[in-house]
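Residue numbers (this note's numbering), protein chains in the order written: chain A, 101 to 403; chain B, 315 to 568.
Hints in this document: simulated from the structure, not taken from any laboratory. Backbone N, C-alpha and C define an ideal beta-carbon position, used for all residues, glycine too. Hints are not guaranteed to be accurate.
Derived lysine-lysine pairs resembling DSS-like cross-links, with alpha carbons at most 30 Å apart [unchecked claim]: (1) 210/A to 396/B; (2) 325/B to 205/A; (3) 226/A to 325/B; (4) 205/A to 224/A; (5) 210/A to 224/A; (6) 396/B to 205/A; (7) 396/B to 225/A; (8) 303/A to 317/A; (9) 306/A to 325/B; (10) 225/A to 205/A; (11) 396/B to 224/A; (12) 396/B to 226/A; (13) 564/B to 374/A; (14) 325/B to 225/A; (15) 564/B to 306/A.
Across the chosen pairs, the derived CB separations fall in these ranges [what the hints assert, rightly or not]: (16) 329/B to 205/A: 29 to 37 Å; (17) 476/B to 117/A: 25 to 33 Å; (18) 486/B to 223/A: 39 to 47 Å; (19) 472/B to 168/A: 29 to 37 Å.
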Amino acid sequence: MNSTPVIAIRDFTKRYGSFDAVSNLTLEVEPGSICGLLGPNGSGKTTTFKCLLGLARQTAGSMDVEGAPVGPQTFENLSYVPERSALYEWLTLADHLEFNRRSFKNYDAKRADELVSLFRLERKKKVGKLSKGQQTAVALALAFSIRPRILILDEPASGLDPVFQRVVLDLIIEAAAMGSTVLFSSHQIGQVERAADRVAILKNGKLIVDGTVDSLKGSEKVVEAIFEQRVPDVDGLADDPRVRRIERSGRILRAYVQSDSEGIVRRLNEFSPKNISILDLNLEDIFINAVGGEIAMAGGDGA
Amino acid sequence: MTYVQLLRLRKALTIYAGVVGAVFFLILIPTHWPNATVHNDTNGSVPLSILLLVGFCAIIFGTAVSTSLNRENDGVEMVWTKPIARDRLAMRYIALDLAAIAVAFVVALVLAVLVFASFGMLGAIRADEGWFSTALLIFGVAFMWYGILQALTSWQTGRGAIVIGLSWATFAIVLPAFLALTAHIPGLHEIAVALNFLNPLSYLSTNNGTIHIGLSTGGSSLIPHDTWLRVAITWAFGLLGSVAAIAGWKRLEV
Numbered sequence: 101m102n103s104t105p106v107i108a109i110r111d112f113t114k115r116y117g118s119f120d121a122v123s124n125l126t127l128e129v130e131p132g133s134i135c136g137l138l139g140p141n142g143s144g145k146t147t148t149f150k151c152l153l154g155l156a157r158q159t160a161g162s163m164d165v166e167g168a169p170v171g172p173q174t175f176e177n178l179s180y181v182p183e184r185s186a187l188y189e190w191l192t193l194a195d196h197l198e199f200n201r202r203s204f205k206n207y208d209a210k211r212a213d214e215l216v217s218l219f220r221l222e223r224k225k226k227v228g229k230l231s232k233g234q235q236t237a238v239a240l241a242l243a244f245s246i247r248p249r250i251l252i253l254d255e256p257a258s259g260l261d262p263v264f265q266r267v268v269l270d271l272i273i274e275a276a277a278m279g280s281t282v283l284f285s286s287h288q289i290g291q292v293e294r295a296a297d298r299v300a301i302l303k304n305g306k307l308i309v310d311g312t313v314d315s316l317k318g319s320e321k322v323v324e325a326i327f328e329q330r331v332p333d334v335d336g337l338a339d340d341p342r343v344r345r346i347e348r349s350g351r352i353l354r355a356y357v358q359s360d361s362e363g364i365v366r367r368l369n370e371f372s373p374k375n376i377s378i379l380d381l382n383l384e385d386i387f388i389n390a391v392g393g394e395i396a397m398a399g400g401d402g403a
Numbered sequence: 315m316t317y318v319q320l321l322r323l324r325k326a327l328t329i330y331a332g333v334v335g336a337v338f339f340l341i342l343i344p345t346h347w348p349n350a351t352v353h354n355d356t357n358g359s360v361p362l363s364i365l366l367l368v369g370f371c372a373i374i375f376g377t378a379v380s381t382s383l384n385r386e387n388d389g390v391e392m393v394w395t396k397p398i399a400r401d402r403l404a405m406r407y408i409a410l411d412l413a414a415i416a417v418a419f420v421v422a423l424v425l426a427v428l429v430f431a432s433f434g435m436l437g438a439i440r441a442d443e444g445w446f447s448t449a450l451l452i453f454g455v456a457f458m459w460y461g462i463l464q465a466l467t468s469w470q471t472g473r474g475a476i477v478i479g480l481s482w483a484t485f486a487i488v489l490p491a492f493l494a495l496t497a498h499i500p501g502l503h504e505i506a507v508a509l510n511f512l513n514p515l516s517y518l519s520t521n522n523g524t525i526h527i528g529l530s531t532g533g534s535s536l537i538p539h540d541t542w543l544r545v546a547i548t549w550a551f552g553l554l555g556s557v558a559a560i561a562g563w564k565r566l567e568v
């Protein structure tokens, strides 16, 4: 990580009245990397994007893109896809492409044609008559048509079917492979896991997890034990320093273990589980652990 | 960068030309009906009558396009993430709007001249002494109104159409009525006079009765009699409103 970050957010705070939408966020995105920004609704992802792009003003901190605050010229090489459609509903896709052609020196008509075909879009149809997913596809076609060095995508697969979600993911990965830097948010954790080099998780406007996907996944193991009857009381397991958290759900006990998972297995084996295994964490586990089990474990007995 | 605004104005001008053309055509039907007669009782003020008529059309058009910055605000990410400074973009929008208002003026003028020509009164249209200053004043009134509406709406999302509607009610009915009703109430009348200084339509009222829109001023007025002074004030208001609108638009957060 010796290179200068393309996106550098330092001690960023955005306050609305007395409410801190985002507080003291520091985040850097390296050139050619993909950073996935995760968080529950209202966690501050969109606010961060808007302030980074100058669409809203930060209360404190600094936000730089390619070494300087965003200015008009930044957008010559930066594409943004907002969460909510900002397209002109009374215009057609052809009009939007013409708007892009006139606005950007880097506009690539051939690339635009490819993207229009890829998303199977109709050029002459008014955007207002398109479905939400198709509008997202139009926004993405516009964003990628200028072959930007930087992509900031707020829920870029929103409203798209699984086939096109995969297409979007491939576009993101391909762009990064060509040297573009991508910062994107998504509720599709599987997509983020597949595409992102690095993940940042926000909760209530605070950065609670930040790291490469591999390092985060390697930071813990899950010991999952399934019992014949209900989960027995395992005295002191929750207080074991090797265990960060345990979950009980029916006959299943999951222990999130930071070290010596074999030792935890030995300890649980004393209670004769029907089956016990050590699992790698996936990004969904990391997300749920970070934002709070109560969100995703509704109905379970989170401990 | 102004491609969308160009499309928007082209659409607005097309609708405008259609409506004004239809209105003028409707004027022609009864006047060209068999046995219908047309009397020329304009007393030589045909140019002024035409200018007022077409000016009023241009003012209507001007108010209709006067919330162009506000219209962008619902999806302002689209224009604010283009490689152009916001104030430059806003200035281009305003310049295009003013050009479109001028085109609207010319369209109505051509149509009006055609109406007069159909009566065989083309020869009666002569450029009188004050035609140029009157034309500038009428355009100034449109610009002033435009500037006020831009300044009132550029910094907020939505509500543009409501503000346009309210401005017509305020400038054409409420303020003139307030002025007339308070003519003999000291204190209130001064407030009414001051408020009327901000009313673009009040700059079309004259003391010689040639031009009169709205209710009587009912006494004192801050509006100067000199046409060139009125031109200067209306254009200054238009400019001031536009500058305020740009400042407000730049400060907007989404």
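Hint-by-hint comparison with the structure:
1. 210/A to 396/B: Measuring from Cα to Cα gives roughly 20 Å; hence the hint holds.
2. 325/B to 205/A: Holds, at roughly 27 Å.
3. 226/A to 325/B: Distance of about 15 Å is within 30 Å: holds.
4. 205/A to 224/A: Holds. Residue 205/A to residue 224/A sits at ~24 Å (cutoff 30 Å).
5. 210/A to 224/A: Roughly 18 Å separates the two Cα atoms, so the pair holds.
6. 396/B to 205/A: 11 Å, holds
7. 396/B to 225/A: Given that 30 Å is the threshold and the Cα spacing comes to 24 Å, the pair holds.
8. 303/A to 317/A: The hint holds at about 19 Å.
9. 306/A to 325/B: With a Cα-Cα distance of about 47 Å, the restraint between residue 306/A and residue 325/B is violated, given a limit of 30 Å.
10. 225/A to 205/A: With a Cα-Cα distance of about 26 Å, the restraint between residue 225/A and residue 205/A holds, given a limit of 30 Å.
11. 396/B to 224/A: 23 Å, holds
12. 396/B to 226/A: 22 Å, holds
13. 564/B to 374/A: 65 Å, violated
14. 325/B to 225/A: 17 Å, holds
15. 564/B to 306/A: 29 Å, holds
16. 329/B to 205/A: 29 to 37 Å: 34 Å, holds
17. 476/B to 117/A: 25 to 33 Å: Check passed, 26 Å falls within 25 to 33 Å.
18. 486/B to 223/A: 39 to 47 Å: 44 Å, holds
19. 472/B to 168/A: 29 to 37 Å: About 33 Å separates the Cβ atoms of residue 472/B and residue 168/A, which means 29 to 37 Å holds.
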